[in-house]
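Taken in sequence, the protein lines are chains U and H.
Just so you know, we're using the numbering used here here: the first sequence kicks off at 1 and counts up by one.
Just so you know, we're using the numbering used here here: the second sequence kicks off at 491 and counts up by one.
Some clues are possibly wrong.
Unchecked claim - A short, non-exhaustive set of chain H residues, derived as facing chain U with CB atoms under 10 Å:
#	residue
1	P604
2	Y648
3	D674
4	T684
5	V761
6	A843
7	E962
8	E964
To be verified - Derived CB-CB ranges, DEER-like:
#	chain 1	residue 1	chain 2	residue 2	range
9	U	R90	H	R979	37 to 45 Å
10	U	R437	H	D742	54 to 62 Å
11	H	V919	U	P116	56 to 64 Å
12	U	D453	H	Q514	31 to 39 Å
13	H	K722	U	R479	51 to 59 Å
14	U	D453	H	D729	53 to 61 Å
15	U	G58	H	G794	38 to 46 Å
16	H	P626	U	R385	40 to 48 Å
17	U	G374	H	D603	38 to 46 Å
18	H	R968	U	D13	51 to 59 Å
19	U	R385	H	L568	48 to 56 Å
Claimed, not checked - From the structure, some residues in chain U lie toward chain H, with a derived Cβ separation under 8 Å:
#	residue
20	Q80
21	G173
22	R203
23	D230
Derived by calculation from the structure, the hints in this document are not laboratory data.
Ideal placement from N, C-alpha and C gives every residue a C-beta, glycine not left out.
One letter stands for each residue in the lines below.
Protein chains: 2
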Amino acid sequence: MDYRVLLSGFERDAAHRGLARSSQQHRLYACLRSAILDGKIEEGTRLLASRTLAEELGMARNSVLYAYERLATEGFVLSQRQGTVVARVRLERTEVRPSDEASELSRRVATIDPPPEGMNDLLPFLTGTPALDEFPLAQWRRCMDRAMRDLGPGQLGYMPVEGAEALRQAIAGYLRISRGVRCDASQVLITDGTQSGLDLCARTLADAGDTAWIENPGYNRARGSFLAADLKLVPIPVDADGLAPTATDWADRTPRLIYITPSHQYPLGSVMSLERRLSLLEQAHASGAWIIEDDYDSEFRHQGAPLSALQGLTDDARVIYLGTFSKVMFPALRIGFMVVPVALARSMRRSAAALLLRGRVAEQMALADFIDAGHFTRHLRRMRRLYAERRAVLQDALERHLSDVLTVSGGAGGLHLSARLDIDVADTVVSLAARKRGLVLRALSGFCLPGSDAAAHYNGFVLGYGAVQASEMEVHVRRLREVIDEVVRG
Amino acid sequence: MDYRVLLSGFERDAAHRGLARSSQQHRLYACLRSAILDGKIEEGTRLLASRTLAEELGMARNSVLYAYERLATEGFVLSQRQGTVVARVRLERTEVRPSDEASELSRRVATIDPPPEGMNDLLPFLTGTPALDEFPLAQWRRCMDRAMRDLGPGQLGYMPVEGAEALRQAIAGYLRISRGVRCDASQVLITDGTQSGLDLCARTLADAGDTAWIENPGYNRARGSFLAADLKLVPIPVDADGLAPTATDWADRTPRLIYITPSHQYPLGSVMSLERRLSLLEQAHASGAWIIEDDYDSEFRHQGAPLSALQGLTDDARVIYLGTFSKVMFPALRIGFMVVPVALARSMRRSAAALLLRGRVAEQMALADFIDAGHFTRHLRRMRRLYAERRAVLQDALERHLSDVLTVSGGAGGLHLSARLDIDVADTVVSLAARKRGLVLRALSGFCLPGSDAAAHYNGFVLGYGAVQASEMEVHVRRLREVIDEVVRG
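The shape of chain U in the complex, shown without the other chains:
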């Protein structure tokens, strides 16, 4: 066994393996270990005495001792009276099966459509992204700074699963007044965002095979959470008054969970009528279903008076209310919340305690501070004006350049419009062509459950305007016109 050859070969290797920065003694250990594993040094071989090997390799004897000790600790060599002997180390390699990576995915996850490639890039008309460059970062930095300075060892451990009391109080106060939600802080659970709330609801309130109603078209990530929890999805159509289930749906496809966006349907933008709201509450009550109200962007209402949440219509509403700071603050914050009915609060906390571990006290305290100091309300007020302007400018530009091919709807609130294509081209084709021209234009058909009637019925786009400056709207809309014309010309 020529150790020098072994070692020099290994040194070349080590660079490739990203071990160049490790110590010499560590590299010697790793070299011997891999030679033993690969069978280059066979079972029963006696290694050179540490002093001899050190001399041969020109190393300190301690380095060799280190390597031998590690090998012995891990079971690769045995320290015997005759010296250091290689142990029986055999890794039988069975035939590597052909690499079919897709087959490694569970069936439940394989049924989830992957998020479309390149369609989450920060480009004009991306949905769900607020005006990041308008966020008062300096104020947020100061709140974070204060929270970090207040941080003591006591806040570094695991925290109560429901989140920081100060933040829950601030959220409950805001929701009561601004969203008409009936709640106090004991019903509020801080989450890592809406999807973590959906995951918790899907697993806690439903079993595999239970029926979940989803809006069709609707929010893909709600579908994803439910599929990953093995729920049976039932797509329910949406019209101008919101979710429109039939008596047959209630009787034959009785839901356990109902996912809705009543304040601003995602993606169509319709507002659920009072009649539908009341009927949904009644029927959910009668059939023991839970309504998940995702109030993702209702802070921004551009036409008419504010709209209250469905949750607040009655005290015993079977509603889990989901909110997020992703739109009003910024997505990277990853803080959302859920408001659960009083009767469910203990169960939900228990489930969360078993399934989630919590911390991030500084961020939560900074956010509570940001809200209590009034920065939140001020920012919200500024953004309401900004988004109303952006919407108006977009709607105007669409009217001037595209009214012959697009019918726009859903602009009463939020950060996006939806637009139906009135000509006979597929939205997916236009969407791909637009992406090549630097526009992210999600196809409306992509929000529908694959294979459902809706998928054939909806042909159009969702246009997010939250992150598009008003002064640039015109040029992007003109480009969209060009894209559509090119697609039509073929």
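Based on these hints, arrange chain H on the given structure of chain U.
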């Protein structure tokens, strides 16, 4: 309709409902809304003209107009030629079913044992908590401060699901050299901690009903994640050489997932032998199972040379390696990571992209900075000495005060010891009595799958020493002696 009576009654109510801080116009709206919903103002009622009502209540007319407009927007009243008329608003209240909160929980979540009450309090012998008061908070604040200052609008949006490149590079470098993990940054996914990694694995790599092997006794939260994902748990015994499956287990209870803690079994503390490691890799390969290696506290090794991770034994190991910063940094950070095999990286990223949304760039950049600047390694080195000392002091105190009733094991690494009770008293009884005396002493039987053989076999405790000062160990151990004596006397 006496609006003044209505309103004064509501004002009393509003204080209770946490609406006292809202504006007068908002309170008027909320009052009318609730009167309509409750039937106190009936369908078809014509509301007073805004000017008249304003005079009657001594309010500005604009306040009344605001209230009427909101009610109209939400559908509670109709603006007709004759004035503002109450719409048909009926919420039929079905019989409220008897409140059986537990029945609201899904069966899958109901099977998860709730975390024991009061056993997560920051008291002596709590497990899983590092020395929080030794964490270099000032340095961490500086890293966070720098990261916050570097934060621009571009970092406020959603981020790539795998996490920040700089942090993934730092982690891969650390793992290659310190843990013998074979990986580069492309295989690293940042998580919100170990349980979020477990959730992702359980849903992505297994379907409902698939078999998951768990160590028995073992980590309750791994059980929780698997149960919530509807996996079938098969408890596998653990001995001094780690997980000990039989040929029958492989043949008749072939696993899809295998959860192990080979470096320092949780809670017993044993180290998996090389022979077992190689055999597990071979068999997992042959049967298409995935090994989840949870390397939760292996940074701390008090006896002998460091131990490499199982993942690094071969290039094509079917291992998902989970790591966390909760022990080496602090739990509230909520940053962990997984290292997935090259062949699985795309699938896992795809699944994560559908199920998780990411952000928290500042924290990730601060952590990368903390590692790159060497703070991480320095802190680790200090903590290794500190924990080794705490362990030695605890072991010594246990030896002097409790050697007649306890047999200690598992002290080669980590932040906890396990101790077998050699007398005929139930660990749960001692645990409860100890909790009353301010000691958190998790019963060993509580780590076993309920109803399994192990639950009857293991009687003892897990003693976390990470957060207990060496100078106080003696007094806590003496107290434990008193508690045990009291329980024995009955």
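Hint check:
Interface hint status for P604/H: upheld, as the beta-carbon distance to the closest one in chain U is roughly 5 Å, under 10 Å. About 5 Å separates the beta-carbon of Y648/H from the nearest beta-carbon of chain U, less than 10 Å, and the hint is met. With its C-beta approaching chain U no nearer than about 6 Å, D674/H sits inside the 10 Å limit, and its interface hint holds. The beta carbon of T684/H comes within 8 Å of a beta carbon in chain U, closer than 10 Å, and the hint placing it at the interface holds.
A cut of 10 Å between beta carbons decides the hint on V761/H: the least distance to chain U is about 9 Å, and the hint holds. Of the supplied interface hints, the one on A843/H holds, with its beta-carbon coming within about 5 Å of a beta-carbon of chain U, less than 10 Å. The beta carbon of E962/H is not positioned within 10 Å of any beta carbon in chain U (closest approach about 15 Å), and the interface hint is therefore violated. Interface hint at E964/H: violated, since its Cβ lies 22 Å from the closest Cβ of chain U, which is beyond the 10 Å cut-off.
The supplied range of 37 to 45 Å is broken by R90/U and R979/H, whose beta-carbon atoms lie about 55 Å from each other. The hinted window of 54 to 62 Å between R437/U and D742/H holds, with their beta carbons roughly 59 Å apart. The beta-carbon spacing between V919/H and P116/U, approximately 58 Å, falls within the hinted interval of 56 to 64 Å. Roughly 49 Å separates the CB atoms of D453/U and Q514/H, a value that falls outside the hinted 31 to 39 Å.
Distance hint check: the CB atoms of K722/H and R479/U are about 54 Å apart, consistent with the given range 51 to 59 Å. One distance hint, 53 to 61 Å for the beta-carbon pair D453/U and D729/H, holds here, with the actual separation near 59 Å. At about 27 Å, the CB distance of G58/U to G794/H disagrees with the hint of 38 to 46 Å. In this structure the supplied range 40 to 48 Å holds for P626/H paired with R385/U, their Cβ-Cβ distance being about 44 Å.
Between G374/U and D603/H the C-beta distance comes to about 44 Å, which sits within the given range of 38 to 46 Å. Restraint check, R968/H to D13/U: a C-beta distance of roughly 55 Å satisfies the suggested window 51 to 59 Å. For R385/U paired with L568/H, a C-beta distance near 30 Å fails the hint of 48 to 56 Å. Taking 8 Å as the C-beta cut-off, the interface hint given for Q80/U is violated, the closest approach to chain H being about 16 Å.
Because the closest C-beta pair between G173/U and chain H is about 6 Å apart, less than 8 Å, the hint holds. With 8 Å as the threshold, the beta carbon of R203/U comes within range of chain H, its nearest partner Cβ sitting at about 5 Å, so the hint holds. The interface hint given for D230/U is met, as the beta carbon of that residue sits about 5 Å from the closest beta carbon of chain H, less than 8 Å.
Consistency with the previously given hints fails for numbers 7, 8, 9, 12, 15, 19 and 20, ordered from lowest to highest.
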